[in-house]
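Protein chains in written order, with this note's numbering: chain G, 3 to 529; chain R, 209 to 449; chain C, 43 to 101.
Each hint should be verified, as a subset may be incorrect.
Pair ranges (Cβ atoms, derived) [unchecked claim]:
1. E514/G with S391/R: 26 to 36 Å
2. E514/G with I447/R: 51 to 61 Å
3. V465/G with G216/R: 50 to 60 Å
4. W40/G with G216/R: 15 to 25 Å
5. K50/C with G216/R: 42 to 52 Å
By construction, these hints were calculated from the structure, which means they are not laboratory data. A quick note: this is a predicted structure, and the numbers were derived from the prediction, not measured. We put the beta carbon where it would ideally sit given N, CA and C, even for glycine.
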Amino acid sequence: MSEVTLARTRRIVQGLFLALFLFLFIQTESKGTDELGWPVRLFLDVDPLIALTTSLASRRAEGLFWPALVLAGLTALLGRIFCGWVCPLGTLNNLAGGLRTTRPNPPGAGGFRVKYYVLLGLIGMSLFGVQLAGILDPISLTIRSLSLALYPAASIAATSLFDAICRLNLPLVTPASEAVYGLLQKTVLPFRQPWSAQGVFIGLTFLGLLALNLVQRRFWCRFLCPLGALLGLLSRRSVLRRSVSEECDSCGACVGVCQADAVPAGKDRWRASECLLCSNCDDACPKNAVSFGLMKGRPRGGLDLGRRKVMASIFAGAFAVPLLRISPLARPRMSDAKLIRPPGALAETTFLQSCVRCGECMKVCITGGLQPTLLEAGLEGLWTPVLVPRIGYCEFGCTLCGQVCPTGAIRKLPLERKQQERLGHAAIDRGRCLPFAHATPCIVCEEICPTPKKAIWLEQVAVKDRNGRPIRLQQPHVDLAACIGCGACEKHCPVVGQPAIYVTSAGESREEEHQILLQPPPAAPAK
Amino acid sequence: MKRFVAAGDVVVLKPNIGWDRAPQYAATTNPDVVGALAKLCYEAGAKKVRILDNPVNDARRCYRQSGIADAAATAGAEMVYMDGRKYRDVRLDGKALKSWPLYGEIFEADKVINVPVAKTHGLSGLTLGMKNWMGIMGGARFRVHQRLDESLVDLVRVIRPALTVLDAVRILTANGPTGGDLSDVKRLDTVVAGTDQVAVDSFGATLFGMKGSDIGSVRLAANAGLGVMDLSKLQIKKIGV
Amino acid sequence: MKRRDFLKWTALSSAGLALPCGLAALGRMAHAARGPDLVVVRGTSTPQIVRAALDALGG
């Protein structure tokens with residue numbers, strides 16, 4: 003066998019793209035300025051599934067998605083090279099598949115078609131205004147799982163290990179481990195330990211998907227991946243194709259090594275839509291009869307999905323929309339007072355149609371306050387970002403979530419605009435607030451309030467304690483005209499647990515019907 | 209600086225970097241003051257100058273946006289992000305605080321220099337040098353606002369800086385301690401330096417047209433014998449450069 | 043009290059009484075050498091006013 007096989011080159015390229023993907027993931031973190039310095043959402047930007055379903059669901063194009071068209075065009079020309087050579091989840095599946103030591107299963111009867119029905123169902127849904135493609139999109143899925151589960155878990159594991167060695171205080175070992183720890187903190191570990199409400203669930207789901215490789219290698223890519231299906235549809239007429247010479251004696255060596263279900267027995271029945279161009283078959287062929295090259299004409303092994311099943315999938319998706327909305331898990335629009343969206347988020351309906359739940363905003367959120375929803379926004383809003391101020395407030399000088407959002411569900415606002423964007427308003431619980439309820443001085447909410455003219459003001463009052471002794475102190479009040487609902491006050495309120503000052507979404511800029519004031523302050527005359 | 213820093217010393221500078229604000233808003237210590245001090249420390253033979261604070265806003269942003277990270281880099285000083293493992297419970301046996309987790313480096317360093325900025329504050333009236341020690345507190349430090357002045361005095365009893373340099377190059381006269389409006393900022397082009405932290409704060413109050421005795425922590429600290437509040441008893445040298 | 047004891051006692055106590063004053067004087071001398079209690083420096087160049095303040099405090 004030759005030293006530099008195509009498959010070996012492919013593995014190196016896969017490794018490089020996975021490294022790039024992870025590098026960009028790590029860089030999705032503030033370094034103290036309001037720029038990240040890297041195109042961290044690159045993989046999401048080139049994803050045609052996200053582009054297609056988002057523009058269908060939200061009926062917005064807004065000059066988005068050009069990079070996705072590039073990948074779509076490349077796929078139409080060259081086939082599913084993205085799946086075989088680039089996709090980070092595909093590469094992770096390859097790595098996990100290496101754990102399967104037994105012989106590969108023979109290709110299934112037609113299981114590969116399932117992913118097309120999944121895709122069509124998602125497109126059907128998005129036609130009727132529900133965008134759930136991001137739940138299953140491999141790029142979105144991988145970033146979300148890393149952000150919310152695997153990366154936090156890895157960070158905890160590393161920190162606990164180094165903390166333990168540090169506490170043991172062993173000669174030589176501890177200084178060395180501290181040096182390594184310091185290096186890791188500067189490079190790959192997060193600045194602040196991330197935590198997400200649904201980390202376990204999301205993480206186990208992801209590990210489960212990887213574990214499916216034990217059933218069949220690249221199970222996800224073969225049978226389930228909707229992006230793979232979309233690229234498969236695009237690649238049916240690609241010109242980079244497989245050909246088999248007369249040498250072939252139908253030994254079947256290629257069938258077993260195929261990473262997808264592209265090479266059923268019989269040399270002419272190669273499926274362009276399934277081929278990941280991994281070139282394993284080329285390497286495995288004992289007669290060296292397989293080759294890939296540019297060819298004209300229509301490939302022979304077509305993709306027959308069955309007209310009825312196609313229609314059924316689209317309708318299933320479409321019918322899912324009203325079902326989702328009448329289900330007990332649905333939420334009437336904007337009902338939840340704690341549904342505080344990130345700054346610059348579109349109005350709720352369009353927001354849900356645009357958000358692909360990739361978790362980029364939650365990864366980059368400087369305070370970790372952005373968390374995935376479970377049912378706060380209805381089943382339709384699963385894993386969309388919500389600000390939980392008790393975990394982290396919205397940092398006044400930061401616009402990073404808007405910068406990393408791949409679909410503009412969170413708009414990228416200039417800083418001056420963002421600083422006047424109301425996420426909601428703060429309200430004081432006088433039954434818990436120390437100066438109101440307990441005649442105890444406290445001004446933390448006022449101290450912390452970041453707006454240039456403080457949205458929390460203090461009133462000098464004289465109150466009495468239980469013995470009737472007069473106490474002079476200051477009681478806080480919220481100025482709705484100035485409050486932007488960033489939640490810094492809620493985060494730092496010393497009343498533990500249920501805070502004495504809290505933010506609700508009432509008054510948020512993005513919803514006209516959600517205003518409290520007759521004349522809400524205008525959004526930002528830019529300075 | 210040779211009076212305060214000996215050759216080979218590890219010096220900790222504690223500016224106020226509590227907020228994510230640019231220098232011109234006077235919510236954080238002027239980076240030029242911090243940079244100049246770091247440089248003087250090195251000139252006096254310091255082995256290492258470490259600059260730290262436990263900011264309220266995100267530390268990365270505070271260090272960068274305040275300009276102090278850049279000033280430190282120019283001077284060759286090290287910006288230190290607080291390491292959660294380095295807080296230790298310090299017995300204070302004070303009026304308000306019995307013990308509190310404080311940042312260990314403050315006690316381990318050979319010399320500590322307090323570099324606060326002069327600002328207004330909703331509760332203490334002003335935030336000057338003594339209030340700056342809140343930036344080495346760990347734990348649920350926002351609880352101390354319930355008895356802020358006593359708490360600060362309890363801290364001052366155990367934290368004895370070699371020197372306090374109060375930055376009044378720009379002072380924040382309203383909406384402190386966070387600021388954010390340039391019209392609240394007044395330019396004084398002044399620094400106040402001394403070894404007595406109570407005296408420095410007492411003089412700092414006069415920059416705002418107040419007296420040291422108007423500031424609860426200054427009054428209490430002076431009564432506790434931790435420093436001199438009465439400016440007439442101090443030898444004060446005023447210099448124009 | 044014997045005369046010797048009286049003399050001893052007087053000498054010791056007067057020395058004792060004198061000592062704090064002597065120390066205070068020493069302290070004052072040292073103090074003057076070190077410079078003032080507080081230095082307030084005003085000027086447009088921030089690095090220069092910091093340096094001037096430190097110089098005035100005794101280098």
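- Query: For this structure, which hints from the list above don't hold up?
  - Reply: Violated hint (a single one): 4; every other hint is consistent with the structure.
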